[in-house]
Structures are given as C-alpha cells and as structure tokens.
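Novice: Spelled out, the chains give:
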Amino acid sequence: MRRFLLSTLSILLTIFLIGCSNAKETDKTGTVDQEKSDVELVVSAAASLTDALVELKGPFEEAHKGITVIYNFGSSGKLATTIENGAPSDVFLSASSKDMNDMEDKELINSESRKDFAENALVLITQKDFDSAISSFEDLNTATLDHVAVGEPGSVPVGRYTKETFDSLDLWEPLQDKLVLSSDVRQVLTHVEMGNADYGVVYSSDAFVSNDVKVLAEAEADWHEPIVYPGAVIAESMHQEAAQQFLDYLTGDEGKETLQKFGFK
Amino acid sequence: MLDMDYSPLLLSLKVAAISTFVVFVAGVFIAYMLAKRDFFGKSIVEALFLLPLVLPPTVVGFGLLILFGKKGWIGSWLLEWFDFQIVFTWIGAVIASIVVSFPLMYQSAAAAFESLDERLSNAARTMGASEWRVFWFIVFPLAWPGLLAGLVLSFARGLGEFGATLMLAGYIPGRTDTIPMAIYFAVESGQMENATFWVVMISTFGFSLILWVNWWSKRNIRRFTKS
Amino acid sequence: MLHVEITKQLAHFEMNIHFEMRNEIIVLVGPSGSGKTTILDTIAGLAHPDHGLILSNECTFFTTGEKPMPARERKIGYLFQDYALFPHMTVEKNIWFGVRNSERNERHEMIRQLLEVLGIKHLLQKYPHQISGGEKQRVALARALSTQPSVLLLDEPLSALDKETRKQCQDELLRLHDMWKIPFIIVTHDHAEAERLGDRIIYLEQGQITDEKRKRSIVSTY
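Chains as they are written, first to last, in my numbering: chain R, 1 to 265; chain P, 1001 to 1227; chain S, 2001 to 2222.
If we strip away everything but chain R, and leave its shape as in the complex, we get (with noise of 0.2 Å):
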C-alpha cells in the first residue's frame, strides 16, 4: 500500500514539474517572439467559435506576415475568468454581451476596441434520425417528451438565451425537470446526437456544424435577447496593434464570410 502511494505521489510530483517546466518554456519563449517581432497572438474565444475562427487562421496569417494565431477556446464565462486572473491573452471573442460588460466594467478590455462582430439564433435541434412529432418550441410538452439538452444558465450564454426563451413561453418552470444543463454547447449536442435527450437548444451556427442533428425550429428573436458576438483587445496585451488587426479582419470582408458560412449572421 505505502509502495503504491510513494509511487502514485513520485508519478503525481513528475506530472507537476513537467507542467511548471513547460509553463516557464513558454514564458521564454514569449519574451524572445518580441524582441523578434514575431508576434503571437493568443485568441480567447467562445468555444462555439470554433470550426470558424480555426478556417480563419490560415488566411489571417497569410495576410498578416509575422503574425502567429493561437486560439483558447472555452465557455465565453470561463474565459472571462481566467483572463481576469491574469492568463495571457491578447483577444478576447465572447458570445455573450454580459460576460464583454463584465470585462469592461473592470477595465479588463481596450473599450474603443469593443465591436459586435456576428450574431446568432437560438434553435431547438433534435437527432437526425428521430421522428420527432413536435416542430416548434411552443410545442414542447412535459407530458411526451423525455429530456431536454439545454446550456446551464448561470454559466453557459446559449443557457442563459434559452432559459429566456422558455420563460417567454413559460415553459421553463414546467420544464424543469426534463431540462439536463451542460456545461458547454458541445455537451448538448452530444446529448443530442446520441439521443439520450430527444431536444436541445443550441445556436444555429451549432446546429449547423453538426452532421447528426437537425434543426426543429428557430426562436424568435423578441423572445431573448439578441445574441450578439463581441469582440475586444485585452487591455494588458504586449501586442495591441497585432489585436486591433485581428479584430479587423473579423469584422472584414473574409471574417464576415467565413462567419456566415458557418452559421453567424
């Protein structure tokens, strides 16, 4: 038993000085890109971003020589979070207005910066293959249906939009316990695809991305708030101009393009 800890703990410890190594390594590293002016550019952007900003890499370097684009996805809460302890970051992308005023309010965000760069819908999805006898979100019923795959509110933007929904329609307290809250938006759509909750909620351009799910129906946009996608420059970034560029060919031409074609509008 003790052998099996004393060897658990030395496996445990190796772990960690590996992972503090590795954080200096890219503390070095860090210093040496600006002396260089290469630039790298640490992008913290809501995960359902993803599959877009990824497409926009490419181009984005390209057109920016000496510019190298690393993206942190997460919950745009999440996000949030940790940028305002301190993690580096040059831009920060959110799904959500709230979490951007937040930033704001603390002065964590470069405020002439701040520009909505894409818009979304909410959805109600169910699985591809699933006959589903219900095609609109007032047609949700306690009685038929089984779960429903919906971001937790309080922490998750597509969560906090849906719960608005459902209160317009007043279904969320009836809805209760039918209602799994995940953690991300990733999280819903596995639900859903899987078929272990007959309906979720997601944006459109989620819904969009996925191969298993089919959209039932799109909310009205007078029944939450509008979701909007803004972007700033962090206010502690060592390369603000970089930033301001990034931010720009988002709001450009190829960013509005390649937004759309993955659902935004």
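Just so you know, these hints were derived from the structure itself, not from any lab. Remember, predicted model here, so these are calculated numbers, not experimental data. Glycine residues also receive a C-beta, built at the ideal position from the N, C-alpha and C atoms. Honestly, I wouldn't trust all of these hints.
Capping the alpha-carbon separation at 27 Å, the derived lysine-lysine pairs in DSS-like fashion look like this [stated by the list, open to error]:
hint: 1; chain 1: S; residue 1: Lys2121; chain 2: S; residue 2: Lys2067
hint: 2; chain 1: R; residue 1: Lys261; chain 2: R; residue 2: Lys115
hint: 3; chain 1: P; residue 1: Lys1036; chain 2: S; residue 2: Lys2093
hint: 4; chain 1: R; residue 1: Lys256; chain 2: R; residue 2: Lys115
hint: 5; chain 1: R; residue 1: Lys256; chain 2: R; residue 2: Lys65
hint: 6; chain 1: P; residue 1: Lys1071; chain 2: R; residue 2: Lys128
hint: 7; chain 1: S; residue 1: Lys2213; chain 2: S; residue 2: Lys2167
hint: 8; chain 1: R; residue 1: Lys265; chain 2: R; residue 2: Lys78
hint: 9; chain 1: P; residue 1: Lys1036; chain 2: S; residue 2: Lys2213
hint: 10; chain 1: P; residue 1: Lys1218; chain 2: S; residue 2: Lys2093
hint: 11; chain 1: S; residue 1: Lys2215; chain 2: S; residue 2: Lys2181
hint: 12; chain 1: S; residue 1: Lys2067; chain 2: P; residue 2: Lys1042
hint: 13; chain 1: R; residue 1: Lys214; chain 2: P; residue 2: Lys1042
hint: 14; chain 1: R; residue 1: Lys214; chain 2: R; residue 2: Lys256
hint: 15; chain 1: S; residue 1: Lys2126; chain 2: P; residue 2: Lys1218
hint: 16; chain 1: S; residue 1: Lys2075; chain 2: S; residue 2: Lys2121
hint: 17; chain 1: S; residue 1: Lys2075; chain 2: P; residue 2: Lys1036
Facing chain S, according to a computed beta carbon distance under 8 Å, are these residues of chain P, among others [stated by the list, open to error]:
hint: 18; residue: Leu1116
hint: 19; residue: Arg1119
hint: 20; residue: Asn1122
hint: 21; residue: Ala1123
hint: 22; residue: Ala1124
hint: 23; residue: Thr1126
hint: 24; residue: Met1127
hint: 25; residue: Gly1128
hint: 26; residue: Ala1129
hint: 27; residue: Ser1130
hint: 28; residue: Pro1141
hint: 29; residue: Leu1142
hint: 30; residue: Ile1172
hint: 31; residue: Arg1175
Computed footprint of chain R on chain P, listed as stretches where at least three residues anywhere in the stretch have a Cβ under 8 Å from a Cβ of chain R [stated by the list, open to error]:
hint: 32; region: 1060-1069
hint: 33; region: 1165-1171
hint: 34; region: 1183-1193
Chain R is fixed; fit chains P and S onto it per the hints.
Specialist: Chains P and S alone, transformed into the frame defined by chain R:
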C-alpha cells in the same frame, strides 16, 4: 443561512456510498481472484482496470454514454427489456463513480493481497479450512488495513467525481446534482457564496472521514502488530 | 502408513523421491535448496508432483492423472518454518482454528491435555507477537496437532530457538510422538538434531535420496 437547496449533499452521499459498496465488493473479489493466478495477458487485464485513472473524465464520460446511453450497447438493452434508463438519472452518477473509483480500490486490494504471507493461508488450508474460510478469517482481516485505504480512497473519489458524472447523469437540479456539480456551476456562474458553502462542506466531510479512518485503522492494527 | 513417490521438475533439477514409512519419525537432512520443503508441501497438498503416488493409510492424496486431494481434506499437521501463526488471533483462537464447531466438545479434553504437556495454558489470551520464540514453537505444535492429523510435518521446527530451549523441545517432540503414534517427518539441516530425533534419517541432495540411516534397528510402534 444561505438560501439554497441541500439536496446535493444527500445525493452525493447516496451516490458515493452505493458506488463504494459495489466497488469494494467487486474490487476485493477481482483482486483476490487475480492475485492468486498468473495467466497470459494478466497485465493487460490489470492495465484495462486502471485505465479510467489515466483517461480524462470527459473521455470516460463519453465511453459511458456509448455503453449506457439510450442507444448505447447496454443502455438500449436495459431500456428495451426493463424499461430502465441510466442516462440522466442518479444511477448514472453511481455508475460513473464506480468506473472512476474502481481502479483505486483494485490497486489497493491487489497490493494488500500481494503483500500477504501465503504461508498463513496455506497453514489454514492444512487445518481443514475451506477457501471461503481462508478468505474470511485469514486473508480479509490481514489485508484489511490496505482494503480500508482503498475503501476510503474510493469513497473520496466517488464523492468528488464530476466529469464523467456530468456526461452520464447530466445536471438536472434536484435530481442529479451532486456536490461537485453544484460547486462547478456555482463557480461558473459567479455564485461564490454557494460555491464556498459546498467547498467547505465537502472538504470538512472528506477531511474528517480520513482523520477518522486513520485513527480507527491505527487502533486496530496495533492490536496484532509488533509494537 | 505413508507412501511417498514423487517426481517433480524444479528450477535446477528434477526431484525423484521414494520412501515409505510407518508411525515413526523420519528426518530429512540436506543442504538448503535440496527439495526438503517441497517434499513436505507435496505431502500436505500445497504443491503437487508431476508424477507419483502419495498414500496415507487408505487415502490416496495424489496419483498421476487424477485430481489431487485438496490440502484441507488430507488431515495433515504442518508446522511451518517460522510457525506461520495467525498474527491477528490469540493463541487460543490459533489453536482452535482447525477444529470444526461440531467437533468442539470431543476435542476439548485432547486440547486441554496438549496445552498441559506443552505448558502453554497461560498464553491462551496472548497474541503471537507477545510471546517468545520457544512459546511460538509450542503453540504452533499444539495448533498442528489440534486437528488430530494422521501425519505431522515439521519444517525446521527448532531452528529459531536457542540451544537450551531447543533441547527441551526435542524431548517434547519425542514425547509427543510417543503419545500420538503417527508418522512425523522433520526437516532439518542440523545433523546432531537429526540423530537425536530420527528413527530414520534420509539424506537429500539435488532432489535425490543419497543415503538413508536407521537409528534403531527395530522400530515398531504398532
């Protein structure tokens, strides 16, 4: 006191207790069976048992969904024949806990059995003891300190299990919300008071449990070891 | 009567042993690694020969090609080297471990006598780690005999004891043998001890019997 729902505490305890019971029985049994045998591929089997320890929780969770989901290999079968659904129920939380804590129990039990003096079991056999009696009167009590360590580790792991549970049991407040989920979502949505409450709760509980077990096992071991 | 005929491949040699004994004391002498303990283990059923025949009175313990009789059914008393007392049980529990509930009453008198002869009555409530080496040896002996075995195997029973205690214990063993009248097989590497205890001494080397001595010309305990 805070205005909040206390159901995560009860649910967590229920899930951890049941999963620990299952893991203990299965872990002890399988470890004992394997400890006595050497066969081709034994280390592969053992590595498989320990796999959940190294896999990221979401991968484990995804694997569990493939097995126990409504369309999963086992899940669809259970649904069809017993109308029994695992995914998005507290049973799902139990299964996730079992899978992630089994390696700890197995490892502790295997180490405990390995370190036992085989001659003691043999002595019992020459005295006419059945394998059953050898196990219960010789092997089990002598391996108990190690088994207890595994038991506590498993319980603690079950109590803290989050990633795989979130996938398989989902987060349905009032139904499948364990303490770690309550903490996670409270932190994520900035409800620091709630989060702090649960953190203090689970830490205090885990800490006292380990203290108690240490004290208790020391007292018991002292009875028959050289002082 | 005990008939032992063993062929078994060991790590460095093949063991070939054949002997037969009555209710006498056989001492197996040989350097370490010569296969002495293996012989005891195969008789007790803790290890099995590749080929051979092991008979005790009317019982077949082992015969080539058949499933060996399990150790627990052989009624063998086995005194292990270092005694292998159960550390988590009192002396009393150790001694009574091999007695079935249904036999408790009839064994009572026998075990009381055994405790008396061995002088360990006062130790009953102690744990093994609380008693001396000589006491452990006696407790182990009592434990091995408490099941009323038909054969007693002793693996280096006295090696852990100091000279004085050892002599006492040798006398005790002889006395017990007189009382019990069953085959005793004692393993030792001490030649003087072998001469003192054995009716017959079997010398082993590399798994073969190299020599055999009979101490008393006529041994009959019938």
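Novice: So, for every hint listed, does it hold in this structure?
Specialist: Now the hints, each set against the structure:
Distance check on the hinted pair: lysine 2121/S and lysine 2067/S sit about 41 Å apart at the alpha-carbon level, beyond 27 Å; violated. A C-alpha spacing of about 20 Å is found between lysine 261/R and lysine 115/R, which places the hinted pair at or below 27 Å, so the restraint holds. Proximity of lysine 1036/P to lysine 2093/S is assessed by CA-CA distance (about 26 Å); at most 27 Å being required, the pair is judged to hold. Restraint check for lysine 256/R and lysine 115/R: the C-alpha separation of about 13 Å stays at or below 27 Å, so the hint holds.
As the CA atoms of lysine 256/R and lysine 65/R are separated by approximately 21 Å, the hinted pair is consistent with the 27 Å bound. Between the alpha carbons of lysine 1071/P and lysine 128/R the distance comes to roughly 14 Å, so the proposed pair stays at or under 27 Å and holds. A C-alpha spacing of about 22 Å is found between lysine 2213/S and lysine 2167/S, which places the hinted pair at or below 27 Å, so the restraint holds. For the hint linking lysine 265/R to lysine 78/R, the alpha-carbon distance of about 24 Å falls within 27 Å, and the restraint holds.
Between the alpha carbons of lysine 1036/P and lysine 2213/S the distance comes to roughly 40 Å, so the proposed pair goes past 27 Å and is violated. For a cut-off of 27 Å, the pair hint linking lysine 1218/P to lysine 2093/S stands: about 22 Å separates their Cα positions. Straight-line distance between C-alpha atoms of lysine 2215/S and lysine 2181/S comes to about 18 Å, which keeps the hinted pair within the 27 Å bound. A distance of roughly 25 Å separates the Cα atoms of lysine 2067/S and lysine 1042/P; the hinted pair therefore holds under the 27 Å criterion.
Distance check on the hinted pair: lysine 214/R and lysine 1042/P sit about 46 Å apart at the alpha-carbon level, beyond 27 Å; violated. Taking the CA atoms of lysine 214/R and lysine 256/R, the gap is about 24 Å. The hint holds against a cut of 27 Å. Of the pairs offered as hints, the one joining lysine 2126/S and lysine 1218/P holds, with about 19 Å between alpha carbons and a cut-off of 27 Å not exceeded. At most 27 Å may separate the alpha-carbon atoms for a hinted pair to count; lysine 2075/S and lysine 2121/S meet this at roughly 25 Å.
Taking the CA atoms of lysine 2075/S and lysine 1036/P, the gap is near 23 Å; set against the 27 Å cutoff, the hint holds. Evaluation of the leucine 1116/P hint against chain S yields a violated restraint, the C-beta minimum of about 11 Å exceeding 8 Å. Against a cut-off of 8 Å between C-beta atoms, the interface hint on arginine 1119/P holds, since the closest Cβ of chain S lies about 4 Å away. The interface hint given for asparagine 1122/P holds, since its Cβ lies 5 Å from the closest Cβ of chain S, which is under the 8 Å cut-off.
Interface restraint check for alanine 1123/P: the shortest CB-CB distance to chain S comes to about 4 Å, inside 8 Å, so the restraint holds. Because the beta carbon of alanine 1124/P sits about 7 Å from the nearest beta carbon in chain S, less than 8 Å, this interface hint is met. Interface hint status for threonine 1126/P: upheld, as the beta-carbon distance to the closest one in chain S is roughly 4 Å, under 8 Å. A distance limit of 8 Å between C-beta atoms decides the matter here; for methionine 1127/P the minimum to chain S is near 3 Å, and the interface restraint holds.
With 8 Å as the threshold, the beta carbon of glycine 1128/P comes within range of chain S, its nearest partner Cβ sitting at about 5 Å, so the hint holds. Hint status for alanine 1129/P: holds, given a least beta-carbon distance of 6 Å to chain S, under 8 Å. The interface hint given for serine 1130/P holds, since its Cβ lies 6 Å from the closest Cβ of chain S, which is under the 8 Å cut-off. The restraint placing proline 1141/P at the interface with chain S holds, with a minimum CB-CB distance near 5 Å, inside the 8 Å limit.
For leucine 1142/P, the interface hint holds, since its Cβ comes within 8 Å of a Cβ in chain S; the closest pair sits about 6 Å apart. Because the smallest distance between the Cβ of isoleucine 1172/P and any Cβ of chain S comes to about 47 Å, over 8 Å, the interface hint for this residue is violated. Here the hint on arginine 1175/P is broken, as its CB sits about 45 Å from the closest CB of chain S, past 8 Å. Only residues whose beta carbon comes within less than 8 Å of a beta carbon in chain R count, and the region 1060-1069 of chain P has 4; three or more means the coverage holds.
Closer than 8 Å: that is the beta-carbon criterion, and the region 1165-1171 of chain P has 4 residues meeting it against chain R, so the requirement of 3 holds. Look at the region 1183-1193 of chain P against chain R: 7 of its residues bring a Cβ nearer than 8 Å to a Cβ of that chain, three or more, so the hint holds.
Consistency note: the structure conflicts with the earlier hints numbered 1, 9, 13, 18, 30, 31.
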